[in-house]
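Input sequences plus hints: build the corresponding full structure.
In the order they appear, the protein sequences are chains A and B.
Just so we're aligned: 133 in our numbering is position 133 of the first sequence, and the numbers increase by one with no gaps anywhere.
Just so we're aligned: 260 in our numbering is position 260 of the second sequence, and the numbers increase by one with no gaps anywhere.
Possibly wrong hints are sitting among the right ones.
When chains are identical, the list treats them as one kind, so a pair holds in a single copy or across two.
When the alpha-carbon atoms are kept at most 30 Å apart in a straight line, the in silico DSS-like pairs for lysine-lysine are as follows [as the list claims (entries may be wrong)]:
hint: 1; residue 1: K282; residue 2: K27
hint: 2; residue 1: K233; residue 2: K358
hint: 3; residue 1: K236; residue 2: K358
hint: 4; residue 1: K282; residue 2: K23
hint: 5; residue 1: K357; residue 2: K236
hint: 6; residue 1: K351; residue 2: K27
hint: 7; residue 1: K393; residue 2: K23
hint: 8; residue 1: K311; residue 2: K23
hint: 9; residue 1: K282; residue 2: K72
hint: 10; residue 1: K72; residue 2: K23
Just so you know, these hints were derived from the structure itself, not from any lab.
There are 2 protein chains.
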Amino acid sequence: MFTINIDSSSSVPMYEQIYEYIKNEIKSGQLPPKAKLPSTRSLAIHMQVSRNTIDMAYAQLLSEGYIESIPKSGYYVSMVSELTHIAVKKTTVIPVKSKKEPAYQYDFSPYAIDINSFPYNIWRKLSNTFMNNNNNDIFLLGNNQGDEGLRAAIGRYLHESRGVNCTTEQIIIGAGADYLLQLLTQILQYSSTNININNNSVTDENVHSNKECVNIFSGNIAMENPTYMQAYKIFKTMHYEVTPIPLDSSGISMDHLSKIDSNIVYVTPSHQYPLGIVMPIKRRLELLQWANSSPDRYIIEDDHDSEFRYKGKPIPSLQGIDSSSKVIYLGTFSRAIAPAIRIGYMVLPEKLLEIYKKNFNFYSSTVSRVDQNIMKSFIEGGYFERHLNKTRKIYKNKHDLLIQNLKIFGDAIRIEGENAGLYLIIRFNTQLTEKEIIDLAAKGSIKLYGLNEHYFPDTESENPTLSPLPPTILLGYANVPEEDIKKGIEKLYCILRAKLGNTK
Amino acid sequence: MFTINIDSSSSVPMYEQIYEYIKNEIKSGQLPPKAKLPSTRSLAIHMQVSRNTIDMAYAQLLSEGYIESIPKSGYYVSMVSELTHIAVKKTTVIPVKSKKEPAYQYDFSPYAIDINSFPYNIWRKLSNTFMNNNNNDIFLLGNNQGDEGLRAAIGRYLHESRGVNCTTEQIIIGAGADYLLQLLTQILQYSSTNININNNSVTDENVHSNKECVNIFSGNIAMENPTYMQAYKIFKTMHYEVTPIPLDSSGISMDHLSKIDSNIVYVTPSHQYPLGIVMPIKRRLELLQWANSSPDRYIIEDDHDSEFRYKGKPIPSLQGIDSSSKVIYLGTFSRAIAPAIRIGYMVLPEKLLEIYKKNFNFYSSTVSRVDQNIMKSFIEGGYFERHLNKTRKIYKNKHDLLIQNLKIFGDAIRIEGENAGLYLIIRFNTQLTEKEIIDLAAKGSIKLYGLNEHYFPDTESENPTLSPLPPTILLGYANVPEEDIKKGIEKLYCILRAKLGNTK
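Given below as structure tokens:
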């Protein structure tokens with residue numbers, strides 16, 4: 001009979017201690033396969049515990065298959081030949097310290113937002129509104145496309161502020177632009193190939209031993225160069241070829257676009273990312289005409305930061321003047337509210353919407369319904385508009401302050417893209433390379449972000465309008481405190497002064 | 001000179017009204033290309049508005065490219081030949097009423113949870129904790145893999161309650177199982193093909209005119225049959241072949257699995273979905289041995305509802321006894337808390353983690369950081385454990401009540417899978433088909449869910465242990481009020497009584 005040391009002071013229930021003991025005896029081979037276990041009654045008496053305790057221990061061992069019950073005979077250790085090889089890893093969960101980047105005194109990140117302006121009070125109030133027992137329904141899985149109420153609110157907002165024309169039905173809510181782009185590439189892939197998902201049989205002769213070749217006619221996506229490299233990476237990862245198209249002063253070059261074999265083009269017409277070019281109406285119409293010339297052609301309009309324009313009103317979206325259902329409109333609340341709020345939206349043209357509904361609508365929504373409800377009330381209650389007005393003022397002040405302080409550089413820099421967005425484009429007149437500028441600044445604890453990383457690999461110098469490309473910095477100000485803008489720029493000037501041409 | 005009707009009582013700024021007027025004149029052709037506009041000064045005098053207003057209107061027209069400025073000459077309408085074709089859609093955003101399913105009096109959904117038990121107060125309290133100005137950091141984009149704090153908390157929880165062995169580093173947080181499975185298929189695809197994402201050049205000769213053939217050796221995933229069809233759909237959509245493997249009393253049939261050309265198998269070992277089979281230790285070891293026999297083989301363990309077991313302690317995970325890094329462990333909080341909380345987790349073996357980090361870690365996290373912080377505190381504060389204990393009791397009561405009330409059916413039904421999960425499997429002894437039972441119940445306002453829809457298309461009768469398959473219902477009780485369990489089952493009995501065999 002077993003000698004099991006029961007720790008009666010332990011928080012582990014007695015039955016579990018007995019179960020663990022016997023399991024280990026079996027694993028270690030002390031109790032070999034086919035060995036008979038004592039009856040529950042006799043073990044209970046032997047251990048002076050209730051029979052119920054032994055029953056529970058045996059039941060657990062039975063459930064997990066360590067022992068078997070033979071009717072009218074008793075319990076036996078299972079025939080598990082491999083059991084002796086069990087060598088459980090003894091990994092413990094140790095939090096891994098992530099490598100922290102060195103902290104900079106001044107960080108002119110073009111990707112940042114002013115985090116101090118997050119609307120805590122309203123958000124908390126709206127959140128609390130939904131956190132009560134009368135809202136049980138919002139804890140069930142909602143519409144896979146996103147809750148209708150939020151989609152309607154976003155639809156109205158986009159119509160009023162961006163001139164987007166769509167029905168609630170055309171809007172898909174997702175956890176950020178990256179997720180929506182992954183979904184979109186699947187829809188476009190399907191659109192261009194008409195692969196029957198339930199019957200993608202393999203006919204290729206080059207089938208490997210245990211690998212099958214699925215021919216995916218994934219097509220080619222044309223992108224502005226420079227561009228939003230995150231989208232580039234997603235397209236590549238989703239098996240697309242990506243072709244860089246140079247820019248001229250109106251944005252994407254139609255001459256280049258029309259010469260390549262591409263049915264999809266990804267553009268940022270209201271505020272080219274990263275160069276800030278506003279695509280004029282003529283180029284927009286040419287682009288729509290290009291899309292109209294083939295039924296498979298589509299334009300992805302990423303409207304990434306059009307909320308922030310400091311001169312006049314926002315540039316209307318390309319989608320709004322598209323009368324042929326050729327534009328896929330994409331946006332998020334990352335800039336307008338905070339990137340941590342993972343809510344994005346995509347407006348699909350009817351044909352792609354049909355493909356989505358038929359083949360991809362089974363994917364569960366990726367946004368918490370509590371968050372969807374908060375966002376809906378935030379828009380409908382007018383809080384979003386007020387928040388945008390407030391942050392637009394904050395950014396305008398910082399933007400003006402930055403431009404004013406940059407005057408110290410005189411003709412050694414040229415400022416571009418100053419009417420919109422959350423950063424300025426600074427072209428340096430210097431023999432230094434972009435990397436040298438960034439490295440020098442870093443030594444002075446100033447973090448700068450270069451333009452080069454937004455170009456396709458090995459194409460930095462191909463851009464006809466930018467040849468030779470002057471070293472260029474995307475100087476972000478959104479999250480730099482006002483007092484640091486002056487100090488940071490003065491410090492940067494001190495660091496670079498000696499190496500600049502044409503200084504005052 | 002223009003005659004522009006300015007509505008001074010309108011909320012639309014004056015400059016915007018002027019801009020709209022001129023834009024429409026250009027679009028309609030009233031102002032033809034090359035036409036000269038009045039100078040800002042003369043128009044201001046003519047309209048008796050400030051010159052600044054006209055400046056702003058012209059600036060907006062310039063920004064959008066409708067007019068051009070020729071230095072020392074003035075403003076001219078742009079040469080936009082296609083402008084006259086602009087026919088903006090006049091779509092208005094009309095909320096589309098979604099088709100509602102008829103409301104049932106009794107809904108025995110196996111997918112539901114008890115929504116009344118959502119921990120409102122704690123959730124609200126934790127949420128408010130983070131909604132203050134001292135937490136600015138959590139409104140920035142966090143770690144793409146998920147915040148380290150939450151990953152550490154989940155790692156500890158999984159280790160303690162499920163026997164999962166992993167480091168914080170191996171855990172990836174995502175917005176639900178569907179998203180994580182999409183990500184996983186990308187990782188596995190990469191793993192099996194070693195496509196170089198940055199260089200997937202096309203060499204196939206069968207390149208179509210403007211479509212390119214990318215050979216993706218997507219491989220084959222074996223799945224239990226019946227299974228979680230949502231996962232099946234995701235694999236198919238992500239270009240995998242999926243092979244159904246029949247079950248025996250220990251779960252997935254190793255005989256069948258070993259005969260097919262598949263390197264990946266998706267299983268639910270702790271509580272087979274939907275049949276409720278607990279995979280015994282012997283079969284688990286055989287499955288691990290199968291995976292060990294080739295470096296490309298992996299097991300996806302979907303631990304979908306193992307929190308809810310009413311007899312003994314939870315069955316330890318398969319991942320916990322895997323000493324060769326072959327098991328990908330997947331879970332969510334959808335059952336344990338609520339499906340609307342879109343938080344799932346995936347534990348990757350080292351080799352796949354490396355592929356993820358190198359190639360897919362650029363995808364932004366899909367879970368709001370506020371939600372991540374709430375979840376972390378919910379686990380670490382001990383609230384999650386208490387919530388599980390509370391809901392386990394609620395479900396146990398409903399479960400016992402359901403079994404008790406089902407006695408009315410006598411031998412006309414056989415109950416299976418009664419130790420765990422949130423539904424019972426009811427096998428009917430009757431000449432009725434599954435569909436007929438569901439339809440009859442529906443006429444009496446009782447919503448039932450059949451087993452058939454969990455089988456691969458056209459394989460319902462292939463399962464060797466289930467031939468001929470008796471009509472089977474997955475009878476869920478999680479969200480049925482206790483008083484409705486008795487009433488609903490009695491009503492169901494009245495409806496079916498005449499058609500059942502072997503009734504009392």
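How the hints compare with the structure:
1. K282 to K27: between (76 Å within a copy, 12 Å between copies)
2. K233 to K358: both (27 Å within a copy, 12 Å between copies)
3. K236 to K358: Intra 25 Å, inter 14 Å, cutoff 30 Å: intra and inter.
4. K282 to K23: For K282 and K23, only the inter-copy Cα distance (13 Å) is at most 30 Å; the intra-copy one is 76 Å.
5. K357 to K236: Result: close both inside a copy and across copies, 25 Å intra and 16 Å inter.
6. K351 to K27: Classified as between: cross-chain Cα gap 28 Å, same-chain 59 Å, threshold 30 Å.
7. K393 to K23: between (67 Å within a copy, 27 Å between copies)
8. K311 to K23: This pair counts as between: shortest inter-copy Cα distance 18 Å, intra-copy 74 Å.
9. K282 to K72: Answer is between: at 23 Å across copies they meet the 30 Å cutoff, but 89 Å inside does not.
10. K72 to K23: For K72 and K23, only the intra-copy Cα distance (23 Å) is at most 30 Å; the inter-copy one is 93 Å.
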